[in-house]
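Undergrad: Residue-level listing of the chains:
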Amino acid sequence: MSTQDNLPEVPREPEVLREPVVRTGMFGASDTGDTSGYGGLVVRRAPRPVTPRPYGGYFDDIADGLERVFGEEYADAIERVVIVGDEMTIHVKRERLVEVAKHLRDDPALRFELSLGVSGVHYPEDAGAELHSVIHLCSITHNRRVRVEVSCPDADPHIPSTVGVYPTHDYHEREAYDFFGIVYDGHPALTRIEMPDDWEGHPQRKDYPLGGIPVEYRGAEIPSPDQRRSYA
Amino acid sequence: MSATYDETTEGTVYTVSGQDWNELIEELAGATDQRLVINMGPQHPSTHGVLRLVLTLDGETVTEARTVIGYLHTGIEKNMEFRTWTQGVTFVTRMDYLSPIFNETAYCMAVEKLLGITDRIPERAQAIRVLMMELNRISSHLMAIGTFGMELGATTPFLFGNRERELILDLFEYITGLRMNMAYVRPGGVSVDLPAGAVDKIGEFLKIMPQRIKEMRKLLDANPVYLARTKDIAYLDLTGCMALGITGPMLRAAGLPWDLRKSQPYCGYETYDFDVPTATSCDVYGRYLVRVAEMEESLKIVQQALDRLAGAGLKGKPVMIEDKKIGWPAQLALGPDGLGNSPDHIAHIMSSSMEALIHHFKLVTEGFRVPAGQAYVGIESPRGELGAHVVSDGGTRPYRVHFRDPSFTNLQAVPATCEGGMIADVISAVASIDPVMGGVDR
Chain A
1 MSTQDNLPEV PREPEVLREP VVRTGMFGAS DTGDTSGYGG LVVRRAPRPV TPRPYGGYFD
61 DIADGLERVF GEEYADAIER VVIVGDEMTI HVKRERLVEV AKHLRDDPAL RFELSLGVSG
121 VHYPEDAGAE LHSVIHLCSI THNRRVRVEV SCPDADPHIP STVGVYPTHD YHEREAYDFF
181 GIVYDGHPAL TRIEMPDDWE GHPQRKDYPL GGIPVEYRGA EIPSPDQRRS YA
Chain B
1 MSATYDETTE GTVYTVSGQD WNELIEELAG ATDQRLVINM GPQHPSTHGV LRLVLTLDGE
61 TVTEARTVIG YLHTGIEKNM EFRTWTQGVT FVTRMDYLSP IFNETAYCMA VEKLLGITDR
121 IPERAQAIRV LMMELNRISS HLMAIGTFGM ELGATTPFLF GNRERELILD LFEYITGLRM
181 NMAYVRPGGV SVDLPAGAVD KIGEFLKIMP QRIKEMRKLL DANPVYLART KDIAYLDLTG
241 CMALGITGPM LRAAGLPWDL RKSQPYCGYE TYDFDVPTAT SCDVYGRYLV RVAEMEESLK
301 IVQQALDRLA GAGLKGKPVM IEDKKIGWPA QLALGPDGLG NSPDHIAHIM SSSMEALIHH
361 FKLVTEGFRV PAGQAYVGIE SPRGELGAHV VSDGGTRPYR VHFRDPSFTN LQAVPATCEG
421 GMIADVISAV ASIDPVMGGV DR
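Chains as they are written, first to last, in full-length UniProt numbering: chain A, 1 to 232; chain B, 1 to 442.
No lab work stands behind these hints: they were computed from the structure. Mixed in with the good hints, there may be bad ones.
[Said to hold, decoys possible] What the simulated footprint calls covered on chain A by chain B, stretch by stretch (three residues with Cβ under 8 Å from a Cβ of chain B suffice, anywhere in the stretch; the number is not a length):
(1) 67-80
(2) 139-151
[To be verified] Straight-line C-alpha distance at most 25 Å; calculated DMTMM-like pairs for lysine to aspartate or glutamate:
(3) B:Lys201 - B:Asp307
(4) B:Lys362 - A:Glu216
(5) A:Lys93 - B:Asp393
(6) B:Lys262 - A:Asp86
(7) A:Lys206 - B:Glu366
(8) B:Lys262 - A:Glu87
(9) A:Lys206 - B:Asp393
[As the list claims (entries may be wrong)] Here are the computed distance ranges between Cβ atoms for each label pair:
(10) A:Gly128 - B:Lys315: 55 to 61 Å
(11) B:Lys231 - A:Glu72: 36 to 42 Å
(12) A:Arg228 - B:Tyr5: 47 to 53 Å
(13) B:Lys315 - A:Gly212: 41 to 47 Å
(14) B:Thr239 - A:Asp86: 28 to 34 Å
Using N, Cα and C, we set each Cβ at its ideal position, and we do this for glycine too.
Between the sequences and the hints, there should be enough to build the whole structure, so can you do that?
TA: Following this line, the structure appears as structure tokens:
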């Protein structure tokens with residue numbers, strides 16, 4: 001054994017540090033000095049979770065099925081897979097979404113015939129992937145569930161439409177467009193569905209205020225819900 | 001007097017306000033247009049609230065049917081992002097107002113999944129949830145069948161349906177304090193245990209109800225007028241249902257026994273004995289038969305849940321998770337001015353336990369934190385799969401809550417079931433979907 005082997009391992013920079021900074025300081029005080037001692041705090045974005053193989057349960061079967069149909073292109077279509085509890089999320093590159101959805105629906109080993117629709121989520125801190133479009137799929141043949149997640153940057157809010165694969169996405173994509181401003185390219189009639197046609201803005205986005213008026217209750221003024229203290 | 005009209009670029013637009021159909025017909029007598037576009041709703045009594053249908057007619061045949069929704073959009077999902085996780089229940093219960101217990105349960109199960117406490121929910125709370133859900137399923141189906149009868153011109157099914165539904169609403173009032181929008185199911189369990197006498201009251205209901213369902217069946221099952229209006233109407237087969245994402249009685253009337261209570265059980269449904277009724281006719285009549293049979297199956301489940309709750313195994317057991325960081329601290333009791341905080345509990349936190357007071361204060365003002373992540377829970381509501389997609393950023397408020405409401409999705413079947421049929425059958429088709437606009441628009 002050489003001396004080299006006995007030397008303590010030099011700690012490598014943890015991956016967390018490479019994530020972009022999302023917040024500094026503790027209480028967001030910018031005008032006055034922060035006396036809490038947390039003024040120098042730097043909070044970085046949590047690293048994007050990736051679950052390594054084996055996933056366990058039927059999740060491996062789904063991943064195997066996708067690997068089989070995509071072959072070498074698997075890594076090009078599937079960004080990452082996350083398993084939490086009994087739920088599997090497949091993050092798909094938006095360029096390949098329609099292809100992935102088709103395979104998920106048609107491949108005999110996958111057979112996700114039923115889609116439970118599309119749900120949008122807005123993550124303003126997730127730079128470059130602010131808008132997420134989440135599809136919940138269910139296989140009646142195999143009695144399985146899987147979630148397909150696609151993201152797009154706020155500056156280019158385009159995601160290919162999956163109405164051609166799952167016609168039920170018609171209303172759901174209109175809803176996600178209405179609430180988040182995600183433009184589903186190829187949707188037969190992408191119009192607002194819940195808000196009036198001439199509404200400005202997309203109300204479920206995090207930068208869209210809730211609005212509201214303060215309420216007087218027994219002589220005290222209760223601020224509107226969006227002005228109340230948040231503990232998050 | 002003649003019907004008023006305006007000349008627009010689309011053609012002549014007549015405004016009909018009721019009791020002026022004859023004038024309209026006279027006005028149209030000399031018209032050469034073959035195509036008539038009728039705007040049905042959002043204030044039409046047979047459109048289940050504020051659904052608007054734009055129908056293009058060729059004679060009496062519907063050539064195009066389009067749905068317009070959004071008239072009841074109240075921003076529930078957005079509002080929940082500014083309230084605590086527990087307060088969210090009060091919002092979701094108001095979405096699909098005919099099946100509030102299902103909204104609450106789906107939401108609470110999703111929150112519990114994120115908290116990782118699904119296995120720790122007390123068995124008694126699960127049994128109460130099942131009991132309440134099945135009672136709610138019956139009341140929702142009664143409303144569906146009753147209003148459907150009225151929309152076809154038969155008032156007795158409506159009266160019967162509402163009379164029976166009233167029995168269930170009375171039970172709800174007795175158990176939760178409210179007839180509708182009760183916010184009874186909470187993350188971690190249910191808000192309050194069954195009050196004394198509830199088991200007896202539900203037992204009485206279970207004695208009356210089978211006979212009442214039989215009366216409804218006698219009235220409609222073989223009624224020639226009803227059959228003529230429902231058989232082979234609004235046909236939608238299994239392929240159509242799958243493509244359009246249709247679930248619930250519509251899917252089961254197309255022959256697929258897909259019921260989440262059986263295929264992906266939750267709340268202990270795997271331990272109850274019941275069947276999944278199906279029909280193969282794919283039409284309005286089949287959907288009616290499935291709903292009635294489901295009410296009968298629900299009665300079986302209610303009986304079993306009641307036996308468990310009254311039995312020695314679950315009697316007096318807790319109905320809220322025994323976790324001081326999550327379990328809602330308030331214990332309710334019926335006082336002279338209605339349901340409110342129990343005096344015993346107030347005495348406990350105010351004078352005997354400092355720790356209980358701290359937990360109470362923290363949970364009520366701030367709420368509990370939910371680990372960051374996302375969860376999806378789907379349950380079988382009376383109308384199909386009700387899904388709750390809940391996202392947390394680790395805070396005390398939901399980051400995003402999205403509901404996959406079955407009414408919203410099922411409404412997409414309107415063009416597929418109405419186009420090519422008669423205008424009178426549009427009423428049947430929409431009623432057989434049983435959309436609740438509060439759930440559609442949220």
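Undergrad: Could you run down the list of hints and mark each one as holding or not?
TA: So, going through the hints one by one against the coordinates:
Check result for the segment 67-80 of chain A against chain B: violated, 0 residues qualifying (beta carbon to beta carbon below 8 Å, three or more required). With 4 residues having a Cβ less than 8 Å from any Cβ of chain B, the segment 139-151 of chain A passes the three-residue criterion, so the hint holds. Taking the CA atoms of B:Lys201 and B:Asp307, the gap is about 13 Å. The hint holds against a cut of 25 Å. Distance restraint check for B:Lys362 and A:Glu216: the Cα-Cα separation of roughly 24 Å lies within the 25 Å cut-off, and the hinted pair is therefore satisfied.
Only pairs whose Cα atoms come within 25 Å are accepted, and A:Lys93 paired with B:Asp393 is accepted, the gap being roughly 23 Å. A threshold of 25 Å between alpha carbons decides the hint, and for B:Lys262 with A:Asp86 the separation of about 18 Å falls inside it, so the pair holds. As the CA atoms of A:Lys206 and B:Glu366 are separated by approximately 21 Å, the hinted pair is consistent with the 25 Å bound. About 19 Å separates the Cα atoms of B:Lys262 and A:Glu87, which keeps this hinted pair within 25 Å; it holds.
This hinted pair checks out: A:Lys206 and B:Asp393 have alpha carbons roughly 13 Å apart, not beyond 25 Å. Taking 55 to 61 Å as the suggested C-beta distance range, the pair A:Gly128 and B:Lys315 conforms, at roughly 57 Å. Checked against the given bound of 36 to 42 Å, the beta carbons of B:Lys231 and A:Glu72, roughly 55 Å apart, lie outside it. Checked against the hint of 47 to 53 Å, the C-beta distance between A:Arg228 and B:Tyr5 comes to roughly 52 Å, which is consistent with it.
For the pair B:Lys315 and A:Gly212, the beta carbons lie near 45 Å from each other, so the given range of 41 to 47 Å is met. Against the hinted window of 28 to 34 Å, the Cβ-Cβ separation of B:Thr239 and A:Asp86 comes to about 29 Å, which satisfies the hint.
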